[in-house]
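J.: One rule links them: number in the working numbering = place in the sequence shown (from 1) + 3.
Just to be clear, a hint being listed does not mean it is correct.
DEER-style ranges, computed between Cβ atoms [said to hold, decoys possible]:
| # | residue 1 | residue 2 | range |
| --- | --- | --- | --- |
| 1 | G123 | G159 | 24 to 32 Å |
| 2 | P122 | P175 | 19 to 27 Å |
| 3 | T12 | E231 | 23 to 31 Å |
| 4 | E162 | E231 | 41 to 49 Å |
| 5 | T130 | V225 | 29 to 37 Å |
| 6 | R234 | P178 | 17 to 25 Å |
| 7 | P91 | P201 | 47 to 55 Å |
| 8 | R18 | E283 | 35 to 43 Å |
| 9 | A204 | Q181 | 46 to 54 Å |
| 10 | E162 | P7 | 48 to 56 Å |
| 11 | T72 | P201 | 34 to 42 Å |
Result set (SDA-like, lysine to any residue): computed pairs, CA atoms no more than 25 Å apart in a straight line [stated by the list, open to error]:
| # | residue 1 | residue 2 |
| --- | --- | --- |
| 12 | K223 | T72 |
| 13 | K223 | R234 |
| 14 | K209 | T195 |
What the hints contain is simulated information worked out from the structure, not anything from laboratory work.
Keep in mind it's a predicted model, so treat the numbers as computed, not measured.
Note that beta-carbon positions come from the ideal geometry of N, C-alpha and C, so glycine has one too.
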Amino acid sequence: MNRPLDPGTPEAFRRPRQLDVLIPTRNRPAELAVTLSGLAAQEGVPDFGVVVSDQSDGEPAYAHPAAATMVRALRHRGHPVLLTRRLPRRGLAEHRAYLLDRSTARYVLCLDDDVWLEPGTLSRLVTAIRELGCGFVGNAVHGLSYADDVRPETHGHYEEWSGRPVPERIRPDTPQWQRASIHPAANLLHVTEKLRLPAGAWRAYKVSWIGGCVLYDRAKLVDAGGFEFWRRLHERHQGEDVAAQLAVLERHGGAGVLPSGAYHLESPTTVTERDVEAWEVVLVDQPSDTPQPA
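When you get a sec, could you build the whole thing from the sequences and use the hints?
T.: What follows is the structure, encoded as structure tokens:
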């Protein structure tokens, strides 16, 4: 019999740390268990905590025995875990804003509840953001069912940073917006294979946005507004991660990191009401002549 799981308290969790992983979830107990298992296997980043915020229709996903076991495994390895419920639902952006407010860590990883991280991924991302000094770095997720679906026409959008990333003002009508085309399916996996990087090496490349696994410098994310734009959105939206990253890119720059250790579980989405693109609303509210940061 699986004993009741202690959710933890916000007061005990909210302590200075190097890194917190923020996971929003809804109706995905199996996927959440896999996501947590990836975190439990990470090495090289001893000082990280995990916040799970659940919006399931029934009992929280973390109450499932498999997910609960992974929570206990993380705690056994010295990683504090806070389990919360955020109801009623007010949309994806509000949920991410709530999660961000649970943490005071130096860095925060926004990790979707259907992403498995291979060992070494957290360490590589933390190393990258420290060396690059930008607002965020991320690992685009691989869909391994597409491993044999090679799309060379997308590979030309891969462009490495030759130095530290600089702020960029990226909009849908610019060529830079097309960078995102290397992220669907297994495109980035194929780009990585062509580079033949030596063991332990990584590269930073230019992005417009990244979905699923993004590590922010928390202070820079907050400086760019965080996810507070949720107050201007209808709750049935998507693209809140895009809106936040565009703002961080404009102020502090950002980069993708290759190789990616993030793998998409390819489960059906639980976000079925997508009436509004959050980034469209946020961009409309901004002046069109906002100067490019120096």
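J.: So, for every hint listed, does it hold in this structure?
T.: These are the hints, each one checked on the structure:
Distance hint check for G123 and G159: the Cβ-Cβ separation is about 28 Å, which falls inside the suggested range of 24 to 32 Å. In this structure the hint that P122 and P175 lie 19 to 27 Å apart at CB is violated, the actual value being about 37 Å. Between T12 and E231 the Cβ separation comes to about 25 Å, which falls inside the hinted range of 23 to 31 Å. Between E162 and E231 the beta carbon distance is about 31 Å. The supplied range of 41 to 49 Å is therefore violated.
Between T130 and V225 the C-beta distance comes to about 23 Å, which lies outside the given range of 29 to 37 Å. Checked against the hint of 17 to 25 Å, the C-beta distance between R234 and P178 comes to roughly 32 Å, which is inconsistent with it. P91 and P201 have their C-beta atoms about 50 Å apart, which keeps the hinted 47 to 55 Å range intact. For R18 and E283, the hinted distance range of 35 to 43 Å is satisfied, since their beta carbons lie about 37 Å from each other.
Checked against the given bound of 46 to 54 Å, the beta carbons of A204 and Q181, roughly 26 Å apart, lie outside it. For E162 paired with P7, a C-beta distance near 51 Å keeps the hint of 48 to 56 Å intact. With their beta carbons about 36 Å apart, T72 and P201 fall inside the hinted range of 34 to 42 Å. For the proposed pair K223 and T72, the alpha carbon gap of about 34 Å is over 25 Å, so the pair is violated.
Distance check on the hinted pair: K223 and R234 sit about 20 Å apart at the alpha-carbon level, within 25 Å; holds. Under the criterion of a C-alpha separation no larger than 25 Å, the hint pairing K209 with T195 is consistent with the structure, at around 14 Å.
This entry does not satisfy hints 2, 4, 5, 6, 9, 12, going by the numbered hints stated previously.
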